[in-house]
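Which chain is which? The protein sequence lines are U and P, in order. Residue numbers for the first sequence follow the working numbering, so the first one is 2 and each next one is one higher. Residue numbers for the second sequence follow the working numbering, so the first one is 2 and each next one is one higher.
To be clear, the hints were calculated from the coordinates, so they are not data collected in a lab.
The list treats identical chains as interchangeable, and a pair is accepted whether it falls inside one copy or across any two copies.
List of simulated lysine-lysine pairs, DSS-like, C-alpha gap at most 27 Å: (1) Lys44 <-> Lys316; (2) Lys340 <-> Lys155; (3) Lys21 <-> Lys340; (4) Lys58 <-> Lys210; (5) Lys21 <-> Lys44; (6) Lys44 <-> Lys322.
Okay, here's what each chain looks like letter by letter:
Protein chains: 2
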Amino acid sequence: MKKHNFNPGPSIMPEFTIKKTAEHILDMNGIGLSLMEISHRSKEYSAVNEEAQSLLKEILDIPAGYAVLFLQGGASLQFCMVPYNLLNKKAAYLETGSWAKKAIKEAKFFGEVDVVASSADRNFSYIPKNYTIPTDADYFHVTTNNTIYGTEIKKDIDSPVPLVADASSDILSRPMDVSKYAIIYGGVQKNLGPAGVGFVIIKEDILGKFERNIPTMLNYKTHIEGNSLFNTPACITVFACVQTMKWLKNLGGLKAMHRINIEKSALLYDEIDRNKLFIPTVADKEDRSIMNVTFVMHENYKELESGFLEYASSKGMVGIKGHRSVGGFRASIYNAMPKESVQAFIEVMKEFELKN
Amino acid sequence: MKKHNFNPGPSIMPEFTIKKTAEHILDMNGIGLSLMEISHRSKEYSAVNEEAQSLLKEILDIPAGYAVLFLQGGASLQFCMVPYNLLNKKAAYLETGSWAKKAIKEAKFFGEVDVVASSADRNFSYIPKNYTIPTDADYFHVTTNNTIYGTEIKKDIDSPVPLVADASSDILSRPMDVSKYAIIYGGVQKNLGPAGVGFVIIKEDILGKFERNIPTMLNYKTHIEGNSLFNTPACITVFACVQTMKWLKNLGGLKAMHRINIEKSALLYDEIDRNKLFIPTVADKEDRSIMNVTFVMHENYKELESGFLEYASSKGMVGIKGHRSVGGFRASIYNAMPKESVQAFIEVMKEFELKN
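Build the full structure now, drawing on both the sequences and the hints.
Encoded structure:
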């Protein structure tokens, strides 16, 4: 039976990425050695490292003056690297969910944190608006997509202070105006590659504004100067990211990808809004994520929840159980998720409605 | 032509590891999904995570009271995590090469560092002896194998203070008495798996001896409590490490591996000592690494250096150029290196001697 992989992350990868990675693990470029056993200073891996940077720059249309890094430790290590490098006195954070809270917690190790707004009052089911970003903050931090709660900041924010975004779960899902950001970072394990690496897009002139002794591995300057090769990189993961970016470029880049993502998410949200069994957790359509579609059983049908999970699972749907802090269901429909899988899931929702 | 992979790291992997990893990237345990796209909380990956810990505990005979972690960032991040967690006032370090110097540099961010001995005076071509470990140090740090310089501390040290070892390039090459260490850590990319993960074997009661605010990702307690799953792990890399450990266990474990490593390194050192063209960089046989065999052209034949590199390369030898800080040649003969490749390299050395 065909599996439809709605896992929230690590998540579905393009078939192209999977096949190319397996192939090069067996034999890298036909040189008779595995991708696993070549030096990160070899000409083969140097090409991978360069291509990872140049493809991300090309696809996201990253302006001059920015460096692109691929570092181990995912977004979680960035939660601490961002304030280590940028927080002198005070930073402003927008609290839109669990991951934003984790980022805030780390910033507090380094200075004052001003949480300018929070949607905690309604279990993070919306994106706060009408907040004021303090002009004396060293930076303003947002989580662009909230994987657990299914909300997303879909427009690039105009910030009076340097804007830092954790875009772990919506990077490359749509065009972004990178020039509005000082840093865009995230784990790669949604739209880029398998787990094991974080990407960091960083405006170089944001660094060195104040004095702090930063351990070498946590200092962005180390990795900019080292071209992401200061320490031995996660070669397989970066190779896989390159394959996904090639696939995305070939598909037409971010404009095409965005159109497809809007179409896929609209199909699913329309069915949730229509189907009498379900209600969406995010009421405001403007705030609904195009990557993670969260919904729960309508209160009249609460007893059907486990039945729906079982039924969907029996039809090949994988990873649709909602996060424990929201409950219900979550369909993660990242870039690599084909429209056909979304349609198959919608069929399952319709069938289950008819049965009940 | 068959390649003989003497790369210093990332380095040769067992064929078993390469094939199993490629296979499971295409289809994990036959479940119809790739190792790349399953959740790190899935039962499939949980089994991998558990097996990584239990195999390392079994193979190294790790006593109770120790945790085994697999964390992103390699040994380089450990250079900073060790002092972040353990250095209250003063730490003692043994300076045996470039990697020891890097570890020392990071420790200085956190407190006083007492370099108890150094072999810098003779370009790190020996292991210092007869030094005194200060009893008031929070810990004593050594680099057990010096990849660049070809020296190795082959006996477990008796230390009056907690002993911390970077064993990146000789872990699992021989039995160790783990009970003598507070921490053994390293990158996995020599004897365990592809680059992208560091292993940490840590005595749990060494932690929490003094107060310091440690960012969450840099705190060992986070990862002990999180069972190496606090943040999304580098699933592919850990999976590959498990395969290598299965291969090693099947081969007879560390006693068998050690015997093979002694045999392989003896063959090579004997040839270097015999061959009129070459001289070893490490004179004292007791200090010679069984993992990285370093040697240079005899002074009478200096002009043949590039010729030998070319000749060896034409015979399929890969990665034998010495590190720039030593020059000459380095044959890295990690666990996965077959005796046949060592013999093939010795043949090349003999042929080149005959030609000249």
